[in-house]
Amino acid sequence: MASRRRAVILDPSEDITKVFGRKCSLGWVALGIAGVMCKEEVYLKSRWRRNFQVNAKTSYSWTRGHTSHLWQHFNLEYGHTGYDASIGLHTGVRHRAQESAASGKMFEKDIYQLIRGLRAHKGNEPQYIQESLKECRKEVRGQDMDQKATALLKLVYLEMFGHDMSWASFNVLEVMSSQKYLQKRVGYLAAVQSFRPDTEVLMLAENLLKKDLNSPDKATMNLPLTTIPHVINPSMANSLLTDLLPRLSHSNPTVRKKTIVTLYRLALVYPETLRPAWPKIKDRLLDDNEDPSVTAAIINVICELGWRRPQDFLPLAPRLFELLTAGGNNWMAIKIIKLFSTLIPLEPRLVKKLVPPLTTLIKTTPAMSLLYECINGIIQGGIMEAADGTTEGDDIARLCVNKLRAMLVVEGDPNLRYVALLAFAKITASHADLVSQHQDVILECIDDADISIRTRALDLVVGMVNANNLQTVVERLLHQLKTAGKATASDEPTNDRGMHDGIIPMADDDEDDAMTRITPKEPKSAQAPPLPDDYRTSVIERILEMCSKDTYTNMNDFEWYIGVLVELVKQCPISTATGDFGSHSETSSAKSGVADAIGLELLNVAVRVKAVRPEATAAAQSLLVLDTRHQLFPTSNSGGNGVLASAAFIAGEYADMLTNPETILTSLLHPSSSGLPAEVLTSYLQAIPKIFVRLTSEQLGVWEQSTQSRVVLLTARIVHFLEPLTLHPNLEVQERAVEYLDLMRLASEAASNHQTGVESDVPLLLSQAIPMLFSGAELNPVAAAAIRKVPQPEELDLDAPINSSLNMILSQAEYDTDYADDDNEVYRLYHEKPSAVATNYSRAAVDTLEPPETSRTSSYQDTRPEFDAEAIERKKAERRERYKDDPYYIDSERRSGTSTPMHNILRSANGEELDVDSIPVMELKFDSRDTASDPERSRAAKPVRKPKRHFEIAADETLGGDEPSSSLPTGASKPPMSRAKKSLLEVDSSGLSALSLAESADARNGGTALDYQRRQAEEEEMANAMKEVERLRLEMQRAQERIQPRDTAEEGMVVKRKKKKKARVEALDDQPAQEDAVGGEGATVKKKKKKKPKEDEAQASTEQTQEGPEEVVPVKAKRKKKRQVTFDDDDAAG
Amino acid sequence: MINAVLVFNNNGQPRLTKFYTQLDTAVQQRLISEIFTLVSARPSSSCNFLPLPPLLAPANTSSSAAHNDAPSLVTYRHYATLYFIMISTSTESPLALLDLIQVFVEALDRLFENVCELDLIFNFETLHAVLGEMIVGGVVVETGLEKVVEGVRSQGRVAKRPVNEGRSGLAQGIWAGR
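Taken in sequence, the protein lines are chains B and Y.
If you're matching positions, the first sequence starts at 0 in numbering that gives the first Met the number 0 and goes up one per residue.
If you're matching positions, the second sequence starts at 0 in numbering that gives the first Met the number 0 and goes up one per residue.
Next up, chain B with everything else stripped away, as it sits in the complex (with noise of 0.2 angstroms):
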């Protein structure tokens, strides 16, 4: 078989040509021979043997770009005939090819032989491709053309594997401006495929590109049309804009498409070009007579621009209107009617204009994708809410939600069931009743096989719940979750590879694959498969979505509720993946598995809800208890183990409540617990000493034998339990868990001491000590922006430092201890500080020890000679600009006395009617109103409540106003967080929302002018120029015909010559002489003989001593007339 497969390695054109010659016109000939003799096989075969073994050596050079072409029209010529006989002929040449290949001889492939080699090389591809690649890059990099251009498609192929040919980008260059049109083609193509944004060479192209931008063949025209949205940076936008724009009014219709195409692209790297560009697209949009596929191409992207600038195409409107309604083009009506969703905001004439239209196109066309696209528009476009009220607009609502439901009960079209949930979702934001009424089919819809759907029915469902139905849904829900069964390992979509054999795309697959797998893979097992633990996490995190919607609107009975969440633990996924699936907020701020969230959700309920708190304890209770956790989570290490750290703060805050704290104790303080993660750990060992209360404190009154040994015994499983933790990497759990241990060995000292007696009082310790740690004020739910709320007092400073020498009484009890406690010579080596700063510091500290009665800090102050009062002050300054928000930071310069300055906060901020002191534990409470007695917050509370049974629900606590938390910078935040993260595909067109079409006008004016504008400013300038010059040269002649007549009257000018060339020959008098002797001093001499002989003279003679007689040149001889003829002008007036 593998040597079968190996035969076709050679194209048997090649071969022939490659043995008969070494030209195209040879090469010609042989395939003629080749089928005129190819019955005579046997005579063929024997010579052809023999010339191979002649040729082969010489003529493997001979490059391949022609032989598949000439194969072709081997093919045209000879038909199947010679296709047949020259397979005969190719087999009985291939064991001389491989021979010869194995000699050592590299035979060069085309793009066909790579892809059979390819095939040939099942198993391994890697080692085959990295031949080929080697190969490639020294074919790509060779002189002839032909062989560059099959390398630079062999590279192309071998890309889309994922090999990477960026180092070929300057041979893709050298292909792409070849003179042929079918090695153009591939340096284009692979242009396309390889050039990425920082791609050098790209900046060589762009005379390439408008080179051939401007060829008379169209063939050659559309390669770069189509190559320039791929590459285009702004740069090259600018400077191919010039190039692009006359191609719109090409005579060949896929020419200006493509180039409307291409110029959108331009704009969304320079939005500038548009500005010039869209006055000659929208001409070609209002033209009747135009192309209807450059009318769609068109339309196609100003919906592409529409939702961006929506404004800036209301003018176009009725055009749009008019091809809309002419109909013929289903796909352009779809785009027509996007583009309408995003103008009707802009224009609510819009929606009276195309209700009549739209609702012609729903009940008549047969495009069911149109239809779509018509409901989803008046969705979009807000047609429905605009026409509220009217009998047009119910007709219309009507229309759309029962055309939308015979979607979803249609049979066998799943992907109308998909967009109808689609567009059901985004009708409940306004019409949630009308969405309601189809719950039944809705319903269905979660159940249904395919998982798309099950996920947009889930999203749509949680916008529908109202306090009726949502108690269906979430049993419906539930059951889904119990019926599926857990997906194992083997049943997650990565790992299941029985389909194919390997998710690395690496080569070709099996050819009788290519060929014969004609059906599509057999479905899984038919019944219930296992949901997919992504989907599973977000059908949890939509039940508590819903279920805690608006403060538990909905919530009619939340005993029915803790046993949802109960159950929703045991349906968590098994690994712990974070889930944020949807935009839920417990997740979202949990930042955790699901099973937190639900953790949450249970502690919300207990805290909130007072009616229900036994009922939460009681669930917090089963699941913590260690016996029954095996039937709650079913394996031993599941994802539900981020419930237990709420669980056991319930079970210890409200240890009261617990039914049987003595086990609950018993499966905290269990080995195994302290293999826990470190959250549910630190919360495990709250709720240790706070049961630890409860169970002492049932027998408060009497301090007996049993009572004591009982405690003793408590406090020294406790404290078994804790000491190892004391040694946790986690800190949190280190530190509670020592802070504990201490106050365990405490109570089991004060237990095992105390007298027992009938008459004897339980041990102080833990009759009150103990207990008052955890009991006050009950914990209320706190608004997250609360906090932010807290006003700040005028007389607080928070940026005085704390101790305004910290930094070195730090040193100093580095250098202290260092000193002291080790008198090692080599750890004093290298541990002791450079003995001038040694002392240095040692005196300061020294100085400020000594007096220990005066106040710490002005000590430091004086004694700190290297900070001056004002840098000290300028550094207060710009600490407290810095904290002058943060409540917790603690200023100095504040007397801080028997009240901490939080307490100053409370204080001044509350007035003095509110008594903080009796809000010991949860110092945020700051507005101790009941809820109920809030009217606002009631009313927030229990709007659709139903009567059943009447749960008091705690609103968040918080203070002023009721801002919406949206107010909280972090909503603020979010939105440019998620423009810096921009996904991965997407195509920023942001740039284009800040170009206005508008004003065009004032465009010129801009900083920024476009190649193109200043191009035609250039000529507009150059043409102004032009002008100015010749009407000066007008001017000019006229002034000359004017003189002509006046020549008599030439006296005045020559007098004002002459005033000139005094003025002028007087500068030049005062001048030195070097300067003077260019011009003739003959003349000058003379002239000022002639004005002022006596003193002239005498210079004149000093001058000409000076030069010498030999300074006279011809050159200067001339310019010595010249001025001659002006003295004699001079002369002449004088």
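These are calculated hints, taken from the structure and not from any lab test.
Even for Gly, the Cβ is constructed at its ideal location relative to N, Cα and C.
Mixed in with the good hints, there may be bad ones.
What the hints assert, rightly or not - Footprint (simulated), chain Y over chain B, 3 or more residues, beta carbon under 8 angstroms:
| id | stretch |
| --- | --- |
| 1 | 449 to 458 |
| 2 | 720 to 732 |
As the list claims (entries may be wrong) - Counterexamples of contact, computed for chain Y against chain B with all Cβ distances above 10 angstroms:
| id | residue |
| --- | --- |
| 3 | R14 |
| 4 | D68 |
| 5 | V148 |
For this one, chain B is given, so just place chain Y on it according to the hints.
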């Protein structure tokens, strides 16, 4: 707009990759394999829309303003041994995209006559050409079957796959799927 068009076979081996944004080769491969993982797990009775693969999943779900730029829709169709996938933003209509894939495949069938995977393997240049006639820079420019075929033919002859590949009697071709 359309962000990417992918074609791969039942084993996840790519036959055509076209990304309308420039992406690293390695990232492209990861995306392909993620989508393949999603798509290959789906029974034939399910709908033709995929959830977003992890690579494309939005960073935070609260983004609603800029949603139109980010890909939000993964549409696929399964023909015989091949999956055709289109990743697009919400400005495209999901049902229309399914039709578009259909036009694409019909055009290929017209050009190759009973197109099968092998035709696409050996003539991937033509495959690109067909796509180039239909989609430019992520925007659909042509949906008419005739015009697409005509446009490709005007660029030069479309080669049939070499005859010694595969066997005769492939009459069912790609249409045998659904």
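Going down the list of hints, with the structure as the test:
1. 449 to 458: Since 5 is at least three, the answer is holds.
2. 720 to 732: Per the Cβ count (0), the hint is violated.
3. R14: violated, 8 angstroms
4. D68: Violated: least Cβ distance 5 angstroms, not greater than 10 angstroms.
5. V148: For V148 of chain Y, whose nearest Cβ neighbour in chain B is about 13 angstroms away, the distance exceeds 10 angstroms, so it holds.
Hint check: violations occur at hints 2, 3 and 4; the rest are consistent with the structure.
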